[in-house]
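**Student:** Taken in order, these protein sequences are the chains called A and B. In this text, residue positions in the first sequence follow my numbering: the first is 1, and each later residue adds one. In this text, residue positions in the second sequence follow my numbering: the first is 188, and each later residue adds one.
Calculated directly from the structure, the hints in this document are not laboratory data. The model shown is predicted, which means the values in this text are computed figures rather than measured ones. Misleading hints may appear alongside valid ones.
To be verified - Quick list of simulated restraints, FRET-style, between CB atoms:
hint	chain 1	residue 1	chain 2	residue 2	range
1	A	K52	B	T310	47 to 57 angstroms
2	A	T59	B	G368	51 to 61 angstroms
3	B	L308	A	S182	21 to 31 angstroms
4	B	E289	A	K52	47 to 57 angstroms
What the hints assert, rightly or not - Here are some of the chain B residues that sit facing chain A, going by a computed Cβ distance under 7 angstroms:
hint	residue
5	A317
6	T329
7	L333
Unchecked claim - Simulated coverage check for chain B against chain A, where a stretch passes if three residues somewhere in it have a Cβ under 8 angstroms from a Cβ of chain A:
hint	region
8	253-265
9	294-302
By construction, the Cβ of each residue, glycine as well, lies at the ideal position given by its N, Cα and C atoms.
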Amino acid sequence: MRARNVRPMGLFMIACLLSGCANNPAPRAWRLAPAEAQRTARGGWIVLEPLKSSGGDPTGEPRIEGELIAADGDVFHILTASGLRSVLRDLPHRITVVGYRTASGALAGWAAAGAASTLSHGVYLIFTAPMWIISGFVAAHREGRAGVFHDDDVARLFARFPQGVPAGVNVEALGALVANPSAGPPR
Amino acid sequence: MTVQRPLARVLSRNGWLRAATPGRSSDGRGRRSRLKGNSAVALTATLCLFTAACTAKRMTRTLTSPMEMQTLDRRSAYLKVHARDGEVYVLSDWRVDEAAREISGRGQRMNVARDTVEEGLFTVPIDAVALVETNVLQRSPTIAALSVITGISAAMTAFCIAQPKACFGSCPTFYVDTGNGRTLEAEGFSSSVAPSLEARDVDALYQARPVGAAFTVTMKNEALETHVVRRVRLLVAPRPPEGRVLATPDGRYREATEIRPLDGCVAPEGDCLARVQALDGQERFTETDGSDLARREVIELRLPPGSPGPHGLLIASRQSLASTYLFYQSLAYLGRSAGATLAALERGDPTVGNALGRLQRALGGIEISAETADGSWIPAGEVHEMGPLASDLVAVPLPAAATGRLRLRLAKGHWRIDYLASVRLGSHVEPRAIDPSSLTDDGGRPVGTQSLTTLPGDTYSYSFALPQDGPVYELFLESQGYYLEWMREEWLAEENSFRAAQLVLDPAQLLRDIAPEFKRQEAQMESVFWGSRYARP
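Here chain A stands alone, though its shape is the one from the complex:
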């Protein structure tokens, strides 16, 4: 394979990887694989970006992000790096909840390798290479979005307390945000 051929394949692979990663705003340690996410007792990573109005432009104020503790009737409780924040759900915002991480990178690699393999197809490469590139990009992009949600109602599913803050629990005393929420090895 000559450098001239490798270059577009490399760019394609990078584009696929970026298309997957660009959708996931959580710190790396908080992007749990599905196998871990099914066992973790912590909430998912949430990002709230204040907006000027519902569906409008960002206000420019700092976004609020951390572990989603609970999505009560009218409040998001978020354990941030600086402590617990409670944000009214009625305030205009753009929400992103990271439930788990997907294998968009592996799919992108798969598609890139597939695209590279079309060098053996002679002139049929005209058909098979675009087939790989288009489907690979779409697959990686969709896969990258699979574990990330932007719906207020879905957020509750990934809260530490999906039932809401239990009676008698002082959310101010939950401790600090952990750097690594990994659930540990499977049991």
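Assemble the complex: chain A is given as a structure, and chain B must be docked to it using the hints.
**Tutor:** Positioned in the frame of chain A, the structure of chain B alone reads:
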């Protein structure tokens, strides 16, 4: 038409011995690196497939209230039991006993801060539960989509690997404007597979339609080969009124007028006149004999009545892929000794040279014979156009005593005949050579030298300034150089010393022995061949 030095002529006539440059040739390192590259791609693809198939999972999370325990998704490997007091149990091997109003399982109990406070077997009263959470992992649907594409792609790759000898390969290709876009009109020095076999090749650009004084020829390397192109020139000769200029098998050029379609063409399969009446790509072709690749067939021709002498027979033909197959198959049989064989050839080893001569005679070209007034048949000439890509035209002069009935004798399945016509041959002409006025690469950048070394995917454009001094000119393309075939890994698997010996000692028997194997692949060979041209993504 190929004009070569003596050794090259011995080698090339049937095209099969466009010998390899294996082993430690000048491009050996590149080839090894390429094979390594292919292996790396295959390994990467396998790893990516394995990784993606194992890790690309989607998770469906569901919360269930204690009142709806019967709806729990039992596929969930773990059950997270969210207690009313904020603690959570993460349980495997879980079960729900609705009668006893209990959930049991093995796992961990965690406090509200999510510190593990206890591990082991638990039984949790449903009445103490706020919500139960299930998480079901399923293979991502994108895996299925990419798997389908992988299947299609792998099938395509496997097809080329299974029939590597059908994959595109043969010398530089030349494209010119024919009024219907740029079409493949010539292939250069098809038989020059080593430096010592460097040859000059001339092809008629019979269908070229130059517009104005500028004429452009595009040269491509579309095979897994290294092409060394020493020179490309145009040969131009003024056409006679209402006539053309044609090359003859002896490498000379003659004026040709009164070009007329034949009156009859009968081949073993029946009337073949419609196939050979025009230079239109509709070729007369039959498959090879299943028991002997050298088996001959005869085509009977009849010139139109009143054909004035001296006649000539115009033939536009190209080789079928049988010769390409034989060439690649020979390389496969020689395997790792292909380099030594080629070296012996270059040293002028008579053993190899004689063997090639025998094979050449076994396959032959298109032999033309003419009937005379006393009913006997006399040989008129033989056509040996090299290469399976583009048809070339030649005019074979016919004996003055010819009655008008002709016979073509040729190896079955080895030749594709596009056009046959009767011509009146006039005087000899000496074409004028024109060097290119400019040469550019595929990016339009000027190239300072005529001597090029091209790799798969390379494209160059030659511009020529045609004479504007009155007559219409016949155009011929002259190319000179050689090329280096890339030995392919798949071929080494077929190394066969018995067949290699047969190639040298008894080529006629070899052609019989391998005929059935060729027959099995013959039907698909043409489409695979053209489909496997090297193209850049």
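**Student:** Each hint should be assessed against the structure and marked as holding or not.
**Tutor:** Hint check results:
1. K52/A <-> T310/B: 47 to 57 angstroms: holds (52 angstroms)
2. T59/A <-> G368/B: 51 to 61 angstroms: holds (59 angstroms)
3. L308/B <-> S182/A: 21 to 31 angstroms: Holds - the Cβ-Cβ distance for L308/B and S182/A, about 24 angstroms, lies within 21 to 31 angstroms.
4. E289/B <-> K52/A: 47 to 57 angstroms: holds (52 angstroms)
5. A317: holds (4 angstroms)
6. T329: holds (4 angstroms)
7. L333: For L333/B, the interface hint holds, since the closest Cβ of chain A sits about 6 angstroms away, which is under 7 angstroms.
8. 253-265: holds (count 3)
9. 294-302: Holds, because 6 residues of the region 294-302 of chain B bring their Cβ atoms closer than 8 angstroms to Cβ atoms of chain A.
The structure shown violates none of the earlier numbered hints.
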